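Quick note, the sequences are listed as chains A, B, C and D, same order. If you read the first sequence in our numbering, its first letter stands for residue 1305, the second for the next number, and so on. If you read the second sequence in our numbering, its first letter stands for residue 1305, the second for the next number, and so on. If you read the third sequence in our numbering, its first letter stands for residue 1305, the second for the next number, and so on. If you read the fourth sequence in our numbering, its first letter stands for residue 1305, the second for the next number, and so on.
Keep in mind that a hint or two might mislead.
Because identical chains cannot be distinguished in the list, a pair is counted as satisfied if it fits within a single copy or across any two copies.
[As the list claims (entries may be wrong)] Think about it this way: if two alpha-carbon atoms lie no more than 27 Å apart in a straight line, the pair counts; the simulated DSS-like pairs of lysine-lysine are:
(1) K1540 - K1481
(2) K1465 - K1481
(3) K1465 - K1492
(4) K1330 - K1481
(5) K1492 - K1330
(6) K1481 - K1322
Note that these hints are calculated values from the structure, not bench results. These numbers were taken from a predicted model, which means no experiment stands behind them.
Chain residues, written in single-letter form:
4 protein chains.
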Amino acid sequence: MTASDRHASDYFSTLLAKYSLDDMAKRLQPRSNAQPPRVPGSPIISPDLVLQRWELLGDAVDARAELLDAHSTANMSIYQHNIENFIGTVKLPIGIAGPLRVNGLFAQGDYYVPLATTEAALVASYNRGSVLITEAGGAAAALLNEGVSRAPAFTFESIEKLGRFLSWLLARHDEIKQVAESTTRFGKLIDLQISVEGNHLYLILTYSSGDAAGQNMATIATDAALRWVLQNTPVKPRTAFIEANFSGDKKASAQSLQGVRGKKVTAEVTLPAALVRDGLHTSPERMVEYGRIATIGGAMSGTIGIQGHFANGLAALFIACGQDAACVAEAAVGNTRMEVTPEGDLYVAVTLPNLIVGTVGGGTGLPSQQACLNILGLAGPGHARALAEVTACLCMAGEISIVGAICADEFTRAHARLARGHRP
Amino acid sequence: MTASDRHASDYFSTLLAKYSLDDMAKRLQPRSNAQPPRVPGSPIISPDLVLQRWELLGDAVDARAELLDAHSTANMSIYQHNIENFIGTVKLPIGIAGPLRVNGLFAQGDYYVPLATTEAALVASYNRGSVLITEAGGAAAALLNEGVSRAPAFTFESIEKLGRFLSWLLARHDEIKQVAESTTRFGKLIDLQISVEGNHLYLILTYSSGDAAGQNMATIATDAALRWVLQNTPVKPRTAFIEANFSGDKKASAQSLQGVRGKKVTAEVTLPAALVRDGLHTSPERMVEYGRIATIGGAMSGTIGIQGHFANGLAALFIACGQDAACVAEAAVGNTRMEVTPEGDLYVAVTLPNLIVGTVGGGTGLPSQQACLNILGLAGPGHARALAEVTACLCMAGEISIVGAICADEFTRAHARLARGHRP
Amino acid sequence: MTASDRHASDYFSTLLAKYSLDDMAKRLQPRSNAQPPRVPGSPIISPDLVLQRWELLGDAVDARAELLDAHSTANMSIYQHNIENFIGTVKLPIGIAGPLRVNGLFAQGDYYVPLATTEAALVASYNRGSVLITEAGGAAAALLNEGVSRAPAFTFESIEKLGRFLSWLLARHDEIKQVAESTTRFGKLIDLQISVEGNHLYLILTYSSGDAAGQNMATIATDAALRWVLQNTPVKPRTAFIEANFSGDKKASAQSLQGVRGKKVTAEVTLPAALVRDGLHTSPERMVEYGRIATIGGAMSGTIGIQGHFANGLAALFIACGQDAACVAEAAVGNTRMEVTPEGDLYVAVTLPNLIVGTVGGGTGLPSQQACLNILGLAGPGHARALAEVTACLCMAGEISIVGAICADEFTRAHARLARGHRP
Amino acid sequence: MTASDRHASDYFSTLLAKYSLDDMAKRLQPRSNAQPPRVPGSPIISPDLVLQRWELLGDAVDARAELLDAHSTANMSIYQHNIENFIGTVKLPIGIAGPLRVNGLFAQGDYYVPLATTEAALVASYNRGSVLITEAGGAAAALLNEGVSRAPAFTFESIEKLGRFLSWLLARHDEIKQVAESTTRFGKLIDLQISVEGNHLYLILTYSSGDAAGQNMATIATDAALRWVLQNTPVKPRTAFIEANFSGDKKASAQSLQGVRGKKVTAEVTLPAALVRDGLHTSPERMVEYGRIATIGGAMSGTIGIQGHFANGLAALFIACGQDAACVAEAAVGNTRMEVTPEGDLYVAVTLPNLIVGTVGGGTGLPSQQACLNILGLAGPGHARALAEVTACLCMAGEISIVGAICADEFTRAHARLARGHRP
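Just need the whole structure built from these sequences, with the hints factored in.
Okay, here's the thing in structure tokens:
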């Protein structure tokens, strides 16, 4: 038996040790027996509906006490328009990392960054990196580009019909822009890309979105544009869809490296060798050597861009600050680069082309999330670009700290020490 | 001026309208002025330290009231070992989606799934998909493989030295396995892959991890193995690192499609045409046509696998249930496939090769998170495989619902309606 | 022993059966013994130098007779400027596929396509697909975009310096364009993209190239622009390089799917069901089902775009027609899509965003290569766009034929039959 | 108008300047007018048939003289089983690069490498790199793995049926192996991987193939195995296909980096700093800096692995030596790495996981191709592994030379000088 099918066989054997093939088959069958009750569904949050839902969930007194604590009960109405089928709240602990000095085009100052996570060592690691960056005078950060997109598609009988449609469409740019922008106070249509594949036409409409992350804005504006197009075009598509999986929404995509999705930020810092030695117990040379090895590792495992663990900082910041946590999937791409400078110090740069962040809309107005934005001094209008720059610098802090730990042979110890004693 | 540099120029102009080049340059400079105080750092959670941190954060009474509410104050000690530099908690609303009938090898039953999100429409959409799956008799789900990995690297003077080391290593499999497994009650070393690149050697050690997500377990076991190897090998590597960015940890990677990371699950359901019509207001044919278009969109945008928005369900479930939310970055890869059956019904399958989930360890023991796992009936030992199957079926519910909404031209309306009325 | 290291061990064992570890080590050592003579090197082709090279190659009378046959000897001077260190010619057999009817924006007619290959079944398969397309009235083809690029990079001390440089550069667009275009009769700078990564600046300059493939033109024009920039900029980069591996030159890259490299063509055809049945012995439905399965296969194996075997047709056409055969590596990306039409027929579309083809320059002027272009009626100026469209339709012919063969269960038989009888 | 649609509009305008929309539409229409004659098709090569084909191609006396020269006419029968619809031969000039000293596990010696190309500068560049490697004592090279694959797929009504089939299949390993191997003298089934996606089952059967590239062998063996499975399985699949686009055949795929396709080779050399200075007119430091920049460029453009121009050497060697030139598409992935050693010298490594090469079968037995293999001393049985190692070292020579040229600012000049004087 060859190597790989032996692995499959081994797993199958463990299954068969538990169930016979017929047992397994039975488990996989559709079951048409009585349907359990549906969740009383509503976007409206009312104590009655919440109660009905808990009754449905049955004998779950303890769970209810935890999720529907007094504070959540008293304030449940604030979550209206952020959730449906509400039953309570989950609490995630917040730790503070900082100060993180950011010398950005938009962010200027020493930030204390609230991070929500349940993973030991995460805050300690980002805190360590932040402090080192600050001791080095802070990180330079530059927002390079911004724009959030929606990608409708049209199908036609033939390339020829598609061409006629496209010819008409390209001459209607001003009308499309006007219709799309009429739906939004802040959004501006800043790019319109075209991709033809046989009788399929994909458009990518990209918008600036002010201080909102902007996905809903982009959807609503594109929907209006799409309707206008369908009503006015003399060449009728066979079908049209508002989104054809070409915008990169909620998933890592190679295309974000060629342009922008959300906000694109690059950041850099130079850590003096002495700081690397004292703060990370290693040397710039060893960190750069590690970077070279890890770059090959990333390339061979088939990642999009090459970096270490952007996702840790992004997830913790996104959850704390009312961002869309699902966007971690798309935001966690980019590059980390380390070099030894001619002076023997450590130069570090990170670039994130796909930061979906905002300081208005989404979860940013919820009390505990807004509190976190307030700790940053970045709540409300006027702060989204600064938030993007701080986020990139935070990611850089995490890269510095984890690489330092791996190089100083402290990675395992830190995790073991901080996570020890977990409740069973 | 060409198209693309005009775009860059436009953005530059908006910058220059705000700052002169010299102003911008000044903003980007390192600042060596007085360092702000560090966060009083500790993994220990004590009211005193929490108070000191809030004092550091200054005049933030409102923020403190929200994050350090009475419930959080009373229970702060529970977060020890899950966070450092604690200052309070963020509250995310939970909505319930379900029932979701899962006919899995491990998960069997009708699940009410707690989802934590601040994005309107998410719970409503997953709820809709879940109910439809349940009405169709439930989704079949099969855990196909499992294993969590750590990827140390070694460098040598030459390929020749590397070869001598490898020759020694391959003959020490039993010792390595024994040393690694000696550090863990549940983890078993189930695979050891080898990748040679010039004078670099990468190992990928893969472990079963019982009911824990297992990253820390894999780290600790690999660390022990690595130390044993370094102490015993007659061929000394130039350098060795515990992780070389080749495990896929915290990032989407193409390699997960060829094997497994965490847990790999496939799931399927057949929705009768009538159910598609009544529940989604469209037809199997139109959904399959959309799937074809979206597959091209995904391929052209350069995603890893082709799916719609796994990340939404994953993030919401992971946050509610104490999973590592940063793993959304790696878990949100895989495939969604839709077909019209010979009977004219809709067949849907999803496959997720990289589900990092557990029912013990990490955040799973925290009260509100454990409450969520209890609602699922999946808290504690013995449930991780079932949780993986439920997660895959939840993702399928989301795919069905979003594709249905796009096909029925309801996508924009649903988002606009449910998100309207946001606090400013 | 686990599965994967057992595989490695097995291979190692076969090695060790042949050589001891020390033997292997010795084989890998650098050897400083006497250097063998260098090849008498020159771009000039002269009988004397050719003779000297053959003398160097020693007792190789048979080889010389084959490579330096009378025809090659008589005509050797024609290869000057296409090769260095000339010793003779390799002969590849050419087969004809066709007629291939192309209804393109630029290509119009019934083409007999010369294909150079040594792989049995290739010409037969492309011939079959071509004839079917022709019987269906021909393939529609549309050149969608064109442009060949070069990607220089600059490094700076800091992002700030980079920004100053960029500010200067963006205001020098006209000068750069003029300098670049001054080096070429046909090339026009049509796009200038900018990518910033920390203190690295990447530019992608894209040119139209008339009827040449254009890589050398793009290099020379960019070199002039680069020199002008370096001489005139008030902000000196630390380093600058003419190409930073960001143009996609000679390698498959995801970026080509978002834009163009060389020429981008889409093509389509509808094959009546009867033609599929009679010509391919299968049905549109089965071919579309196969397409669905093969799309998942492509996505899971991590390809760029999803197609079958574009490379076969590209390599055979490129070699026959004097194109740069190394560009098969980059050209063989794109999409193939098949659908059943409402009438039950088979719709097929292919899209190739990265066709590097030309009808002047490179190898296109060599006698046997030009003869092949003449068979196509596409030799010399004015034909590059048509050649791109014919190439895309040829690739479509190959996709139709191979999918038909797999669906009709004839794939293996065709290969076995046509390749049988190989010389030992 | 935004940037990107302006680009599209510009292109559209150039089209409309040439044709009206209606003209373009007319050009794209299927044309059912008289079918031109088919190519007299046959795998048999006979002077009569060749004559008939040339008659079909009409008034092409010059082309015929070039393609069907006396040498080709006299020897046409040798191409039987390598081509169909034969009409003559294309001649590509061959240049010699070398000596290339290879200290491989299998290749041992100083090789003069025949390269067929029509691109100026290619041979000169590979020659330069080869000589430098040789001066440094030669390159170490190690074949790491080998195996060629075929990937059939099966579909079932449900995951449950698939599971039953798989359970049966896993217990039939020995029979499958025996049936597959019964079709081949040299091929051995060495791995059988399984991938489940909903009700789809993909198998990847990997074979050793002796000294043949082995694709046909793998196809024939897999076909036999597939037929045996279909005849014997008690669980009937709905459909089965011999290849499901999951083997990586003829296309770059991320999966090859995790395993092998064909042959996997790694190679290394250390070039003394003085040699870099004298031979390349640059320094190890500058080349390593370039490598860092080019690595980011490769990662951002979305390539599979990160290298410079493997494709150039591969295409030239493959064409000269009777390899399958279409396999350049898949072979041109991998990694190039450069480092400065502690002694200040330049360490270079290349790794190619997907080398499809053989020394028997395919085009290797044709006279001019075999002559090239004879120049290498690698014709016939027993040499495929050595050929793979030489190929990898050749690719390394090309990487060294091109990076040196870019770093010494000689890249453009070399191309301009060697390509000047092209025939118009």
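Hints, verified against the model:
Proximity of K1540 to K1481 under the C-alpha cut-off of 27 Å is restricted to the intra-copy arrangement: shortest distance 20 Å within a copy versus 40 Å between copies. Only within a single protomer do K1465 and K1481 lie at most 27 Å apart by alpha-carbon distance; the minimum there is 23 Å, versus 36 Å between protomers. Proximity of K1465 to K1492 under the C-alpha cut-off of 27 Å is found in neither arrangement, the shortest distances being 29 Å within a copy and 30 Å between copies. For a Cα distance limit of 27 Å, the shortest separation of K1330 from K1481 qualifies neither inside one copy, at 56 Å, nor across copies, at 32 Å.
Neither within a single protomer nor between protomers do K1492 and K1330 lie at most 27 Å apart by alpha-carbon distance, with minima of 55 Å and 30 Å respectively. In the homo-oligomer, the alpha carbons of K1481 and K1322 lie at most 27 Å apart only across protomers (25 Å), although the nearest pairing inside one protomer, at 61 Å, exceeds that limit.
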